[in-house]
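There are 2 protein chains.
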Amino acid sequence: MFNCPIPKSDHEKILLGHGSGGVLMHQLIEKVFKKTFENPLLAQNHDSTVLDFSGARLAVTTDSYVIHPLFFPGGDIGSLAVHGTVNDLAMSGAKPLYLTVGFILEEGFAVEDLRRIVQSMQNAAEESNIQIIAGDTKVVDRGKGDGVFINTTGIGVVEHALNISPRSVQPGDAIILSGDIGRHGIAIMAQREGLQFESTIESDSASLSAMILPLFQKKIDVHCLRDLTRGGLATALNEIAQDSGFHITIEENEIRVEEQVRGACEILGLDPLYVANEGRCIVFVPAEQAAETLSTLREHQQGRQAVAIGCVSEIQDKRVTLKSSLGTVRIIDMLSGEQLPRIC
Amino acid sequence: MFNCPIPKSDHEKILLGHGSGGVLMHQLIEKVFKKTFENPLLAQNHDSTVLDFSGARLAVTTDSYVIHPLFFPGGDIGSLAVHGTVNDLAMSGAKPLYLTVGFILEEGFAVEDLRRIVQSMQNAAEESNIQIIAGDTKVVDRGKGDGVFINTTGIGVVEHALNISPRSVQPGDAIILSGDIGRHGIAIMAQREGLQFESTIESDSASLSAMILPLFQKKIDVHCLRDLTRGGLATALNEIAQDSGFHITIEENEIRVEEQVRGACEILGLDPLYVANEGRCIVFVPAEQAAETLSTLREHQQGRQAVAIGCVSEIQDKRVTLKSSLGTVRIIDMLSGEQLPRIC
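Which chain is which? The protein sequence lines are A and B, in order.
Heads up: the first sequence runs through residues 9 to 352, numbered per our numbering.
Heads up: the second sequence runs through residues 9 to 352, numbered per our numbering.
Among the hints, a few may not be true.
[What the hints assert, rightly or not] Listed below are several chain A residues computed to face chain B (Cβ distance under 7 Å; list not exhaustive):
#1 45
#2 63
#3 72
#4 117
#5 147
#6 152
#7 265
For the record, the hints were derived by calculation from the structure and aren't laboratory data.
Glycine included, C-beta positions come from ideal geometry on N, C-alpha and C.
With the rest of the complex left out, here is chain A (with noise of 0.2 Å):
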């Protein structure tokens, strides 16, 4: 009798690519989460899940922070798992309230190490207004992790009657990205890999909810939000066509992709259209508050570079465009595998 056990597939591996925002995880997330956990909160598919509570909106988001390196150019672990998952609330059109830590931490990891991370979650805390209520801490042996893994869940409130939704997309819509793109992913490619540029790249870790805000007191009838992480720009307006059913065409030469991260996208041979970013965003709105809309970002630090790339088509294949600066008009795919791994 043989013993000649065979391989099984891949595919019933859990792969890198699994976790990196694009095809992989979106069939992940169907067939093996949405599957067994379905129930009608849960298929909001938005960052942050909305719900009635004693009368008011609650916004919940949960995140977990994988990133490597731990630091970086323009923040670190702990910063980024306050950013991100602020910005999640925010993306739900909600105001952060309260943030839940828990830490997963390697047995050898340097307690001075975590103590800096600590400090930088408490500042983002500080400059987010996000109150950390909970915490939780486990230690793994030596060699079962890597230094520190955080996950932070957010709890905010809706204090507006939109509903902040890709459902919510109208054909007409005007597209606008809050500013330049690619800086995060790039700064953590070359801090991997040891590329040296003129001046560093920083990465674009910040938290949007400032910025979005106001966006409700001028009563801009927001239809959607989304922040642009694992997959890029690329990945979410994929994300938003898919679930809204419509077409969506960008211009090339509006989106602004700073000129030493152009060059690593080169070198790297990465397209910055799916590269990460942490404190980027895009917002539609009706064409009609496009203006008032751009204006109230650029108030912001954030919002700045803010610009209209785009609009929605009121056609329903669930497709995305782009039209190059020369002028040709090309399909612009959810990313399939794993691009840059452990980004956030």
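Add chain B to chain A, keeping to what the hints say.
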């Protein structure tokens, strides 16, 4: 010139004991986390944080689960991650409502195992009457994780006016233990060490909310609740003695430990008082309500073996003493270092 780096002292590195619920963990929390994150809500020092939201009392708690092995007699990391967080809500007197789930997967982890874990979470959530409303998945490279780590954050509502807290504990309070102790920790240790017993020792992992909530319906004046997790009964009692300021006495004869668990503890050199549980708690109530509390707990499967094990004295020395079956009295300290790493 010498290039002879002096190794830093162990005190500056994270040790496994920092995650085990004992003295080291309390020091880390005080010196690193609380020092930086200080705020009144975090200072509640309880299993969940209770805060006012829109005229109601919201309870929030977070926990990460890094248990090894992932599957064990009586449960798996999925059911544990639901029970543990539901119990933290129940221990603040809250009715569980919503749960968020964050997965950190290791590259190469079998999708089939993930499916089992996800199904087990869903089953535990249904039994606990809690809805899974948001999730997140990250993937780390092979050798930088250990299969799967799970964070769950729970949100509940407190529907009574009691202030369940160590600070509500009064001299004369009866202390009720909900069942036998030590099964979770020993089930895990036995599997790790390959110990064989006449019958398999199963973890006590279970949701306690359905056992606890009737106490409030019956208007029992519950002063404090605490589930017995890392550090076991001894650590839970010490935490409450510390935070209430009072002396606690318990009677060894009343504490139920299954024969096989006691045998395993002897083989492994463990004291069952310090062994982790995941479905046991202690309840502090006025002595005159002890009988009604016991009968209420015993109506539920998880509380069938509930017993009064001791009481709170008026001495304000923050200590815990155990009266042995021989009549001798000894001080029960907090777990000092690491006893059973990665037990939850």
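Verification of the supplied hints:
no.	hint	result
1	45	5 Å, holds
2	63	6 Å, holds
3	72	4 Å, holds
4	117	4 Å, holds
5	147	3 Å, holds
6	152	4 Å, holds
7	265	26 Å, violated
In this structure, the one hint that does not hold is number 7.
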